[in-house]
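Student: One letter stands for each residue in the lines below.
There are 2 protein chains.
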Amino acid sequence: MTHADPDHVYTAALAPTTDGGRLTLPIEEDMDDEIRALVARLQPDAVRNSDGTELPEIAAELVEKVYSTYFPARGDQEFALAHPDTLTHMFLMTAPATALGEEPLTIRLIEGYFLDQLRPDTSEAATRYLQVIDRTTGDEVDARGWELTGEGHDAEVRIVSPTPFHVYTVAFLAEQVWDSTQMYNYLTNDWHLDPSRQKVRPYEVRKPVVWDYMKRAIAQWCKEHPEVDVVRFTTFFHHFTLVFNTEGVEKFVDWFGYSASVSPEALEAFEAEYGYGLTGEDFVDAGYYNCPFRVPTRAYRDWIDFQHHFVTAHMKALVDAVHDAGKEAMMFLGDNWMGCEPYGEHFPAVGMDAVVGSVGSAATCRMISDIPGVRYTEGRFLPYFFPDVFNPDGDPLGEANESWRTARRAIVRFPLSRMGYGGYLSLATQFPEFIDRIEEIIAEFRSLHSASGGERPANSRHRVGILNAWGALRTWQTHMVAHAKWYKQIYTYLGVVESLAGLPFDVEFLSFDDVRDGVPEDIAVLINAGSAGTAFSGGPAWADEQLVTSVRRFVAAGGGFIGVGEPSAYTPAAREGFDQRGAGAILQLADVLGIDRETGWSLSTNFYPELADHEITADLPGELWAGERPGDVFATTASILRLHEGSVDIAVNSYGAGHAVYLAGLPYSTDNARLLHRAIVFAATGSQDDMTEVWLSGDARLEVAYYPNVNRLFVFNSSHDHVETDVRGPAGERLRVKLGDLQSTWIELAS
Amino acid sequence: MTHADPDHVYTAALAPTTDGGRLTLPIEEDMDDEIRALVARLQPDAVRNSDGTELPEIAAELVEKVYSTYFPARGDQEFALAHPDTLTHMFLMTAPATALGEEPLTIRLIEGYFLDQLRPDTSEAATRYLQVIDRTTGDEVDARGWELTGEGHDAEVRIVSPTPFHVYTVAFLAEQVWDSTQMYNYLTNDWHLDPSRQKVRPYEVRKPVVWDYMKRAIAQWCKEHPEVDVVRFTTFFHHFTLVFNTEGVEKFVDWFGYSASVSPEALEAFEAEYGYGLTGEDFVDAGYYNCPFRVPTRAYRDWIDFQHHFVTAHMKALVDAVHDAGKEAMMFLGDNWMGCEPYGEHFPAVGMDAVVGSVGSAATCRMISDIPGVRYTEGRFLPYFFPDVFNPDGDPLGEANESWRTARRAIVRFPLSRMGYGGYLSLATQFPEFIDRIEEIIAEFRSLHSASGGERPANSRHRVGILNAWGALRTWQTHMVAHAKWYKQIYTYLGVVESLAGLPFDVEFLSFDDVRDGVPEDIAVLINAGSAGTAFSGGPAWADEQLVTSVRRFVAAGGGFIGVGEPSAYTPAAREGFDQRGAGAILQLADVLGIDRETGWSLSTNFYPELADHEITADLPGELWAGERPGDVFATTASILRLHEGSVDIAVNSYGAGHAVYLAGLPYSTDNARLLHRAIVFAATGSQDDMTEVWLSGDARLEVAYYPNVNRLFVFNSSHDHVETDVRGPAGERLRVKLGDLQSTWIELAS
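From first to last, the protein sequence lines are chains A and B. First residue of the first sequence? That's 1 in full-length UniProt numbering, and the numbers climb one at a time after it. First residue of the second sequence? That's 1 in full-length UniProt numbering, and the numbers climb one at a time after it.
Don't read these hints as lab results, they were simulated from the structure. Zero decoy hints are in this set.
What the simulated footprint calls covered on chain A by chain B, stretch by stretch (three residues with Cβ under 8 Å from a Cβ of chain B suffice, anywhere in the stretch; the number is not a length): (1) 129 to 139; (2) 245 to 253; (3) 286 to 299; (4) 532 to 539; (5) 583 to 589; (6) 601 to 615; (7) 632 to 646.
To list a few chain B residues with every Cβ distance to chain A over 12 Å, as calculated: (8) Pro56; (9) Pro84; (10) Phe306; (11) Tyr707.
We put the beta carbon where it would ideally sit given N, CA and C, even for glycine.
Can you build the whole structure from these sequences, using the hints too?
Tutor: Structure representation (structure tokens):
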């Protein structure tokens, strides 16, 4: 740590730290000496087993805490096999089938699905929810119009007199005969070669026999495992939607999907509680299965609320049992996590001690660290100590660096309490450079807790609200299909939250309902980012006069609005029957943004785009990396800052006393994060005066965190480049910093 | 002309022709000797004057026919100035204005428009049609809610108590105080420097005083111009929509737009005839002004029918007067052509002798040549003999070649009767290489009439139907904004008609109404090409169960379907209030095509795209030039032939006994035209056996026309490359042809 000196060039320097802890290591048997040496060196305060490894007996003597995984809904296969009628369910839809004539149309329910995973439930309780829909008209086919024959995998629906050339689908309940995660692990790791591995069956918490068992089992398990300090739930009751196809590979995945949270019991309970019954269509959703990109229906929201309430209540009972046994309860973020909803209303009441999750990006890091109602959080860093990376051709060091580069930005803004690794330690120790590098990373991680004085760095006073259909429930979880997996259609928008995860702004996730009657007073800038028709852009929500006038009022009164991609897109004129009196705009906030989307209808109007200079692009010398531009955009009243093939990439607009910024897309890069930083300050204030409101680096690749309580700066390089630049403070302070590949430094400011 | 010899390599050879004629030259005064020499060399049979030139006295002695322009609706400015109350009108909309509070909102009507061109009509007859709309709700503001103050350019509408943060527009009738084309010529040629030039005012045919005058004037003019053989109407009564902005440059252009065909008289007549009144909104259409990309409303279609009926009846009266004077009537395709509708029901009854139009592409060439009900057609070739090209830095030769390269493909398939040039001959004669080249082009053009035996070449038996909202009314006129002008948003689709204009298929333009109750029996393949929501793709038309089942039935019975871009795209789930039972498909013919559009909703579904080989891409070794791919596309049942960044570019599908092809886009190129040729044959038959049904070149750059009546081939090179390839016939014939840059050859087949 060095003292601030304007004539000095600051280079890489770690804060001296004598602290250990904040680290969980995976350990295994038969390497006690190596483990002892490594523990002395890396100073973990917790150890864990991994899938396929057992904790060695020395575990408890080495560290303060021993973790052990616990699987409430699939951990006991003896119980599962003894109770074959307790399988969990999933709502499935058959592939659309066209009646090519007047002949009866026969549809085999399980066609296209993985027989080892799923089996149609042809019990009376389940077939009550079977639903046949004519997709050409949208009408349900009356039950007298079809017949169900066969059982299980042989079940077929025969539509007796289909309307020729109409398309039909069947929604039905299937039993899950194989747990999705265990199936995934089994198939990808060739466990069929190991006769000791069985296919694991999940059991349904809604069945009284199951729930009675679950309560007893956790108490018993705690009693039988005195060496365990932390029960790591992996996770609770219902798996996210993960369906395999006939080839035994992934067919459908939705990390947020509730399709596998259904059961006749739950559906009945819902009807009793909410006063209306749900149908198969409420779940299969025309084949989109309510993926988070769909604007959620009232029924689907109600189901989430219903399950969240039930699941958290039952989680609490298990967590209480853990606490009663003198242990801590930790929840893994993923797998059977449906209904847990860490940002849901009832989650804090569970009394969970900690959440642990995989760190795949800055946004997924914040998704863990920001969870309210837990005492601590832990990030599982990449790479896993698995043979796919830890082999002579692998690059474990590179992966560790990449994980740190992306995660560090988020950790600086809102530190995870702890970090950890997973996999087989015996593999990792064969790569000494890797151990050297993680030793550095661990030290730097600890410094963010110690040198920071244990507080978060200062943020701008301009609070940012991300506006979409989901709001707080999907905090840091927007535009995701499956955790941090890359998709061509999402990276353009993920960059917005990825940038924000490491920028000095307080961020809140707001639903349209949250702002309909007025934007919360503490919000300075609203961001609406997404493709037309998705829950993140908003789709039909923008037909709501109250919503559009509320946002317009907010901006006109001095607020900021940033639209990315197709913000506020909604096309009334696309309505059936052709709405003659269209809004005359594709983006319903076209007046606020001063731009609109070209869909072919405005081609007759000439625009004469001229480029303007503006401070928000001061750090963007060239073209914007806008990702998958969602379409052509023209400016009406906005000033255009960047054009790409005649389409607006960046524009700014004034609106009453407020300001708006349009960005065609914002994949994450250090340049784009800086652009967003500038855009937020401009949208909030109409100027760039507040850019050094806390501290700012002169080069977007270096990022700065200022800790007012200890009057220190942490400067870090989020690139692999060597960068030398000025770092400026709010009072005109100026320091010179020079950092190499991913390097960082702590600077003690003069008091 | 050579005889077919399989051992011979055929090279460029023009059919010997002794014919002259089929050519119109622009001539002017003060160059009689040069004109005489040129006439002897090029052998025109008609001459014309141009804008700004007078016919020399020798005209009649040189050629058979002398053309002269005639402007029915603006030719006599003495009359116009003497009758200031006869100005034509236009419906305009003010720019959307947001009420930023509860204060009255004042909107100046003419704001943003060109004062020299337009003036709000504040007469009682006109303000009856003034309409204020709240765009946020779509509701009309009651007349008690606003006040109109001021006259003409000072007219303002004051909305007394606007709803805060709602957006308002005003639709109103403006008088056209300057004719749009003359204004364009005046401004672009700096005629303000020439005091003899006045600003020309158009007069309204609906006024009895005008119509009485028009009838008298044409008879009088014919009498006074005995030297004129052909009266070239430029054109009739109402100009296409062309509006300039405050800077005096183009603000809005729609070559098909009827906004300038309105008048209080016409609106009253419409109401009397159709039994319902039209409003401003029916014309301003939320600011899109019913551009051809908008799915046309019933009201707009009725207006077109109404004006077409009126305009053709009045055209007929003028044409009859011309005929009574012993002259021919020729119509220029453009300018004041609204209501003429050359493909409209009443056009043939006009008795027009000829249509002349500018040749900008193969499609625009066919737009002229295919017009029914005229005795002959004429194409005005590029370049105009104007100083912008005929100068030391210009490339008149290159432009002539480019014009010939694009137009020839169409002329081969359906010859224009005549060709011609425009501009100042005195300029062209200064470029002898240009004269040499057009001499060749003229000879080649004539050979298409003489060596062909005067008949069209053989076409495939597979008739193609282009399916959109407009149908036959917009034959060869799809996806156009302003004649052959290039737009980023249209070239991807224009390539379909541009390709077809030169391919050996009979092409018909069908509306959705034409196929709703069954696809016409003679159609082998339907093509639906366009962006989602446009009239060319169809938008809400695809919500019609009858339409989708009709097309499905057609294909299932063995028909072909080719979709380009976003065919059959319609998203019921984007409806206000969120339609829960969505179709589950973005493309309503997803089952026929075996592909669908990704809008974010299907991301959870895994697709495992695999590339297949298929004969339709036999001539496409690399990637498809797909233009502006309209979005991500995935395959369900189709075989994928080309992928671009994970999105389907080309796919084929079987459907019942029929076949479908998807193309992400098809800008015109020789490769893409060949791909379309192959796709049509595959869609029609499920195989490629019919590719040599007439004759086919082995290289897409060479095109072949076969004339069965004279048993001859015309082979031409549509590229600048030197190409040697086989040309194959239906009976297995094979000839070797080698042609250089744009060359062609006639081959006499053995009988």
